[in-house]
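Q: Just so you know, the sequences run in chain order A and B.
Once you know that position 124 of the first sequence is 124 in my numbering, the rest is easy, because the numbers rise by one and skip nothing.
Once you know that position 57 of the second sequence is 57 in my numbering, the rest is easy, because the numbers rise by one and skip nothing.
Note that these hints are calculated values from the structure, not bench results.
There may be inaccurate statements among the hints.
Where chain A lies over chain B, by a calculated footprint (3+ residues, C-beta under 8 Å) [as the list claims (entries may be wrong)]:
{"id": "1", "stretch": "246-259"}
{"id": "2", "stretch": "283-290"}
Quick list of simulated restraints, FRET-style, between CB atoms [claimed, not checked]:
{"id": "3", "chain 1": "B", "residue 1": "Gln162", "chain 2": "A", "residue 2": "Lys90", "range": "53 to 61 Å"}
{"id": "4", "chain 1": "A", "residue 1": "Asp48", "chain 2": "B", "residue 2": "Glu285", "range": "25 to 33 Å"}
{"id": "5", "chain 1": "A", "residue 1": "Asp84", "chain 2": "B", "residue 2": "Gly251", "range": "43 to 51 Å"}
{"id": "6", "chain 1": "B", "residue 1": "Gly291", "chain 2": "A", "residue 2": "Gly17", "range": "34 to 42 Å"}
{"id": "7", "chain 1": "B", "residue 1": "Ile52", "chain 2": "A", "residue 2": "Gln95", "range": "46 to 54 Å"}
{"id": "8", "chain 1": "B", "residue 1": "Glu285", "chain 2": "A", "residue 2": "Leu102", "range": "39 to 47 Å"}
{"id": "9", "chain 1": "A", "residue 1": "Asn89", "chain 2": "B", "residue 2": "Ala150", "range": "17 to 25 Å"}
Predicted model, so just to flag it, every value in this text is computed and none were measured.
Glycine residues also receive a C-beta, built at the ideal position from the N, C-alpha and C atoms.
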Amino acid sequence: MQARYAILRAMLNAGQGFVSIERTGEAGLEIRMDRSKIRSVGAPAVADLLAKLQIYKATADAENGVRFYLEATSVPEDWSELRDIVIKNKQPRKQFVQGNTLIENGQVVLREYEPSAKGMIQSFVEREKL
Amino acid sequence: MDGTPLQLVYGDFKAEMAKAAENVAKAKEYAANDHQRKMLDAYHESFITGSIEAHMDSQRHWLHDIGPAVETNLGFIETYRDPHGIRAEFEGFVAMVNKEQTRKFGKLVDRAPQFVSRLPWSQEFERETINKPDFTSLEVLAFATSGVPAGINIPNYSNITQVLGSKNVSLGNVISAQAPNEKFPFIAPKDLELYRKYRNPSFEVQVGTHELGHGTGKLFEQDAQGKLNFDQEKTINPLTNAPVQTWYKPGQTFNSLFEAVSGSYEECRAECIALTLSHHTDILEIFGYTGQEAEDVLYVMYLNMARAGLVGLEFYDMSAKKVAWYEIILKIAQILNLWTV
Numbered sequence: 001m002q003a004r005y006a007i008l009r010a011m012l013n014a015g016q017g018f019v020s021i022e023r024t025g026e027a028g029l030e031i032r033m034d035r036s037k038i039r040s041v042g043a044p045a046v047a048d049l050l051a052k053l054q055i056y057k058a059t060a061d062a063e064n065g066v067r068f069y070l071e072a073t074s075v076p077e078d079w080s081e082l083r084d085i086v087i088k089n090k091q092p093r094k095q096f097v098q099g100n101t102l103i104e105n106g107q108v109v110l111r112e113y114e115p116s117a118k119g120m121i122q123s124f125v126e127r128e129k130l
Numbered sequence: 001m002d003g004t005p006l007q008l009v010y011g012d013f014k015a016e017m018a019k020a021a022e023n024v025a026k027a028k029e030y031a032a033n034d035h036q037r038k039m040l041d042a043y044h045e046s047f048i049t050g051s052i053e054a055h056m057d058s059q060r061h062w063l064h065d066i067g068p069a070v071e072t073n074l075g076f077i078e079t080y081r082d083p084h085g086i087r088a089e090f091e092g093f094v095a096m097v098n099k100e101q102t103r104k105f106g107k108l109v110d111r112a113p114q115f116v117s118r119l120p121w122s123q124e125f126e127r128e129t130i131n132k133p134d135f136t137s138l139e140v141l142a143f144a145t146s147g148v149p150a151g152i153n154i155p156n157y158s159n160i161t162q163v164l165g166s167k168n169v170s171l172g173n174v175i176s177a178q179a180p181n182e183k184f185p186f187i188a189p190k191d192l193e194l195y196r197k198y199r200n201p202s203f204e205v206q207v208g209t210h211e212l213g214h215g216t217g218k219l220f221e222q223d224a225q226g227k228l229n230f231d232q233e234k235t236i237n238p239l240t241n242a243p244v245q246t247w248y249k250p251g252q253t254f255n256s257l258f259e260a261v262s263g264s265y266e267e268c269r270a271e272c273i274a275l276t277l278s279h280h281t282d283i284l285e286i287f288g289y290t291g292q293e294a295e296d297v298l299y300v301m302y303l304n305m306a307r308a309g310l311v312g313l314e315f316y317d318m319s320a321k322k323v324a325w326y327e328i329i330l331k332i333a334q335i336l337n338l339w340t341v
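Okay, chain B solo, but in the shape it has when bound:
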């Protein structure tokens, strides 16, 4: 760089990574199958040499290990804490599969086509083949990282997920974890008892229908040969009452076009789907709720959503809001994203 010599020194976290590698090698003795053994070998290689390629390989083997009784994942995975969204934080978890819970999610997924047809759009706006998510419910034994999530969808390597898909995981005991004497501001006193009783069950139903929701919806696309994946003359946009005029061109994705808001937008879509589907009694029944109990679970779900919307205000930056030409405010908001979370 302008003549100044630069020396790159490798070996951050050498001691910790060596310890992790040593234990990963020992774990091989207890692996349930060949996929797990290969995964552990790849982890070892990655932790000793620092190779991301080796870690990617570990994730390929991990995805091939379908339906293990003990689920794990290790590595530098989530980039939430890096302002540039590039550097990942180390995490490691070990969890046991909750077979009963997983079966419930499985039933939901099996009847997905029937449930998805109830969403507020016509058939032309839905995928021909519903993306059936691989969905497991886990009970965490240990989760080592700065922030323990309630649900995960990994790996994050999009080059791998395009080819092999991903694993969707709901962390049951994280969802139901309650602090002693936890308070729930904004819930009316008359609702508190019901809320405490059904908060976890309703969140379970919400997570299930939410994840299902992520796999729904058709994106109108044009391929490299110019061919559209929909009938442009006959597909009417309900908002304009005219034929659909815009679609994704080659190289464009939802994330690339919607940019800064795409993550939150998609979460909103999935949460809306959760609320729109969960009031159907046959869906509540899959989770084991019927009659009055089902109605209570539904009520608490809607209450909880209202509360979450209110509590979230903490993260809105009121001071940055200014009145300006709409196009400018749009650009500024997109860049700054007025919501910090």
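The shape of chain A in the complex, shown without the other chains:
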């Protein structure tokens, strides 16, 4: 999370119309990226961040390296609103519904379940029985 935010900041700070985050409506945000500028603006901005991370790491420079990383991942006060919108748009956590295997007539059979709460429960019930 922290790491990807640092990369987002680097891409935003590169300016030159590469990427921006726009407010839409009451509680919406949209990422606007100019794909024609990925190689000319986006990638070099990320490479710049990368080079710094690399050099501090290579030279065991924890003092500057940690400071640099904390700065790169710090969230400014005026992003408070953005954060509120992000939280408003939070998606429900994903759950994996896993299958079961059983032996029928000497053959292994894979049984899968529907991706829903019902399917999830059924998979657990049948797993206990097996």
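Could you slot chain B onto chain A? The hints should help.
A: Then chain B, alone, in the frame of chain A:
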């Protein structure tokens, strides 16, 4: 303890561990080779007696079992859920190797020296021998634990990985798992269709180049005899334009010096490498993408990274941020790590 007698009682999860041990013994009949048989014996010993040493042995045998068609791992492995980072949670997985996907990662690894030379540092800052990761792509049949990961690098026993290396695993069907009607906030409507179409392919490329990235970069070190592993007079630090002044002394590691941020810092480094390498068309071609499709995969990768950075804000603790002397804030931040994830 101050005279009070303390009684240690063993046997947590006795019933469950006995069941696991019983089934591990039965599995031996179906083992593909001797490494797997020895691994199962070691699991059995560990689950019956509680021995960590036996579990370590199981992992040694597991590492020796190179390129199995069915990949598995069992035991108390990841410590993410323990606030002290010591106690591990039980997990077990069974997966089938995706040979085609694994071949793609293999091609990437084979041409690693060529790709790594494109990273934004001079040759002196790169390893003499690129650490070629052992990299497999798996399709999970079952993964029993609280949180199913998208990729793993195990074992976690550093005493073993220093000697035998580790296995890097990408879980293909976990990466591509999609909930019905899944929404992707913050992607502009005009990009949604493309995003849905190329989200998984682009993440695949990202995972491959990311893992490659972890194996790159030279650490400047001084050994116990005082010898440096680099030319101190001639190696220039591009940030200072002066010769490199600092390096790792005996006993120091990246984790020991960078402490609380080291994990996240290294992930950031690897993600940056993924983005910096993936725009090269020859790398996209290894994954099977050329022409317009390659450009679309690249666009979605960058979009996805921007989105992930935004979504991650949920985990930042805004209230704890205070203005103070920088050294103090640094220490506090390091201890508290303002980011909870």
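Q: Determine for every hint whether it applies to the structure shown.
A: Each hint tested on the structure:
1. By the rule of at least three residues with a Cβ nearer than 8 Å to a Cβ of chain A, the coverage given for the stretch 246-259 of chain B holds, with 9 such residues.
2. Judged by the Cβ-Cβ criterion of 8 Å, the stretch 283-290 of chain B is not covered by chain A as claimed, because only 0 of its residues qualify and three are needed.
3. Roughly 41 Å separates the CB atoms of glutamine 162 of chain B and lysine 90 of chain A, a value that falls outside the hinted 53 to 61 Å.
4. Checking the proposed 25 to 33 Å range against aspartate 48 of chain A and glutamate 285 of chain B shows it holds: the Cβ atoms sit about 26 Å from each other.
5. Taken as a hint, the range 43 to 51 Å holds for the pair aspartate 84 of chain A and glycine 251 of chain B, whose Cβ atoms sit roughly 46 Å apart.
6. Separated by about 25 Å at the C-beta atoms, glycine 291 of chain B and glycine 17 of chain A break the suggested range of 34 to 42 Å.
7. Here the CB-CB span from isoleucine 52 of chain B to glutamine 95 of chain A is close to 31 Å, at odds with the stated 46 to 54 Å.
8. Judged by the Cβ atoms, the range 39 to 47 Å given for glutamate 285 of chain B and leucine 102 of chain A holds: they are separated by roughly 43 Å.
9. For asparagine 89 of chain A and alanine 150 of chain B, the hinted distance range of 17 to 25 Å is satisfied, since their beta carbons lie about 22 Å from each other.
Violation of the numbered hints given earlier is confined to hints 2, 3, 6, 7; the remaining hints are satisfied by the structure.
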